[in-house]
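K.L.:
Construct the complete structure from the given sequences, taking the supplied hints into account.
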Amino acid sequence: MPSERRRRAGGHDEHATVVTATAVRLRVDPIACDAFGYCVELLPEIVGLDEWGFPVLDDTPVPPYLIDLAKRAVRDCPRRALLLERAPSSPG
Amino acid sequence: MTVTETAPATVAGALPRLLAVWHETARTDLGAHLLVHGPMPFPGRGDSHFAERLLEAVRRSGLTGRGGAGFPSARKWDSVRRSRHPLLVVNAMEGEPASDKDRVLLSSAPHLVLDGAELAALAVGAREILVCVADDRPDGARAVQRALHERATAGLGRVRVRVLRPPGRYVSGEESALVSWIAGGSARPTFRKEKGVPLTVRHRPTLVHNAETLAHVALIARHGSDWFRAVGMLDAPGTSLVSTSGAVERPGVYEVELGTPVARILERAGLVAEVSGVLVGGYGGTWLAPELIDTAYAPGPLAAAGSAMGAGVLAAVPAFACGVAETARIVSYMAGQSAMQCGPCVFGLPSMAGDLARLAHGDGDRPTLARLRKRLDVVSGRGACRHPDGVIRLVRSALGVFAVDFAEHARRRPCQGSNRSPVLSVPRSAHDAVRATPARWRPR
Chain A
1 MPSERRRRAG GHDEHATVVT ATAVRLRVDP IACDAFGYCV ELLPEIVGLD EWGFPVLDDT
61 PVPPYLIDLA KRAVRDCPRR ALLLERAPSS PG
Chain B
93 MTVTETAPAT VAGALPRLLA VWHETARTDL GAHLLVHGPM PFPGRGDSHF AERLLEAVRR
153 SGLTGRGGAG FPSARKWDSV RRSRHPLLVV NAMEGEPASD KDRVLLSSAP HLVLDGAELA
213 ALAVGAREIL VCVADDRPDG ARAVQRALHE RATAGLGRVR VRVLRPPGRY VSGEESALVS
273 WIAGGSARPT FRKEKGVPLT VRHRPTLVHN AETLAHVALI ARHGSDWFRA VGMLDAPGTS
333 LVSTSGAVER PGVYEVELGT PVARILERAG LVAEVSGVLV GGYGGTWLAP ELIDTAYAPG
393 PLAAAGSAMG AGVLAAVPAF ACGVAETARI VSYMAGQSAM QCGPCVFGLP SMAGDLARLA
453 HGDGDRPTLA RLRKRLDVVS GRGACRHPDG VIRLVRSALG VFAVDFAEHA RRRPCQGSNR
513 SPVLSVPRSA HDAVRATPAR WRPR
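So the sequences go chain by chain: A and B. The first sequence: position 6 = 6 (the working numbering), numbered continuously. The second sequence: position 130 = 222 (the working numbering), numbered continuously.
Hints listed in this document are in silico derivations from the structure and should not be mistaken for laboratory results. Think of the CB as a built atom: it goes at the ideal place given N, C-alpha and C, for glycine as much as any other residue. Check before you lean on any hint, since a few could be wrong.
[To be verified] Distance windows between CB atoms, simulated: (1) B:Arg254 with A:Ala87: 15 to 25 Å; (2) A:Ala87 with B:Asp481: 51 to 61 Å; (3) B:Val289 with A:Trp52: 25 to 35 Å; (4) A:Thr60 with B:Pro164: 54 to 64 Å; (5) A:Asp58 with B:Ala411: 33 to 43 Å; (6) A:Tyr65 with B:Arg504: 26 to 36 Å.
[As the list claims (entries may be wrong)] Covered stretches of chain B (chain A as the covering partner; in silico rule of three or more C-beta atoms under 8 Å from a C-beta of chain A): (7) 423–436; (8) 472–485.
P.N.:
Right, dumping it as structure tokens:
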């Protein structure tokens, strides 16, 4: 699995290192995203799709039971367009 | 910081301020500038507190950025002050077609902008100033070059200034696009992973200021923050440049006290007809309903009316024109001005423009209108820059202000005005041809 190899060999996966125990949310770099749709396949619960095939994310934290899948979506995105970032502690 | 003589421009309540030199002397040269405004204050030998004093004066003045975002200028300085070799960029790109204030300011008061840029550079420790004027706006660039030459001849100018000519497109004046171009990349907005971190050019933190903001800095440095606050509103002090167009006899740039009612500004420009709406801020701005035309022109009151100053545009659309058709045309132009980077913008804006065009021509029905509303919600907030959001804001406000017209159009009963030629003009840019097709799209 290429993503596994990259993770072990590099050890500095910039997208994955942000992940901590605190609440996180998914964000997409819309410039990098080319609508491959892997994230929607992996996380239909939290990633929507617009009529042109691009992912629609909201600002809500990723539920704990989906964190591992979210990490995988970040690693497996062919355009490296997904990132997990700390969700703001208080709204606003 | 002393004033050599009491020229009218130094009297606190007197207007215009930014355009005083041209107004009083009908000249734009260095001599006239010095006559009206006096010399630029600069740190004396061993004056180590100059930057602090200037920063404090700007902070107390309450000056906010005049480029659209309206961010407090002093806070912007704080973000780069302690870093090594920051760069100062003067943003006079003026990608907004309905705006003319950067050109007017650079042409009639270039020395005020350059003073302000030098002062800001001294305040944050920048040793280089880059003045960016779009390559399709030659007047402003020529005026700055001439002014720089005058300053060099007179032995003025303490910071190195270069004039750059980035491509003139709607989004190339966006802060991150401008910085990307300066750094050798394309003039397109970039994705910012973290917000609130200063942009950099080769690791040098880069401060981007609108030209008008810096001209205000030059006046605050001379006359102080109390002078600046003597006009305008308590929470929105000072003056601002407004580009008026549309149903006015004397379209052009006016310097107004913040808080002046929108109607009064338009009357000054010679409002000729009853309006069906006023476009506020620019082509990525909002429509203001005619019943709200007495709203004070300032961030707070405009926000309460669902609007914003944006790039300082007021375009009046007369009652005989069709608001649906005007909006459709602007959105179609804006779709063509996308940087073609983000899917939601690349596909979303043309689809909205298509819906609007169908409605404008009487080919659309209620499902078209419903689809348009849904697309506005879906695309909102999903670009790397605010370009799509500006368009969405415009269309949403149009749906409110021209609600009756939209309903009629959706019944395939377009109004009389939709056959007329539009009131608001959209430029035909030479750069448009390049972007006919999305650059990086592949079928799934």
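K.L.:
It remains to establish, for every hint, whether it holds in the given structure.
P.N.:
Against the structure, the hints:
The supplied range of 15 to 25 Å is broken by arginine 254 (chain B) and alanine 87 (chain A), whose beta-carbon atoms lie about 42 Å from each other. A hinted range of 51 to 61 Å for the beta carbons of alanine 87 (chain A) and aspartate 481 (chain B) is inconsistent with their spacing of about 21 Å. The given range of 25 to 35 Å is respected by valine 289 (chain B) and tryptophan 52 (chain A), whose C-beta atoms sit roughly 30 Å from each other. Hint check: threonine 60 (chain A) to proline 164 (chain B), Cβ distance near 31 Å, so the stated range 54 to 64 Å is violated.
Between aspartate 58 (chain A) and alanine 411 (chain B) the Cβ separation comes to about 41 Å, which falls inside the hinted range of 33 to 43 Å. Tyrosine 65 (chain A) and arginine 504 (chain B) have their C-beta atoms about 50 Å apart, which leaves the hinted 26 to 36 Å range violated. Coverage of a stretch by a chain is defined here by at least three residues with a beta carbon nearer than 8 Å to that chain's beta carbons; for the stretch 423–436 of chain B and chain A the count is 4, and the condition holds. Judged by the Cβ-Cβ criterion of 8 Å, the stretch 472–485 of chain B is covered by chain A as claimed, because 3 of its residues qualify and three suffice.
Checked against the numbered hints above, the structure breaks hints 1, 2, 4 and 6 and satisfies the rest.
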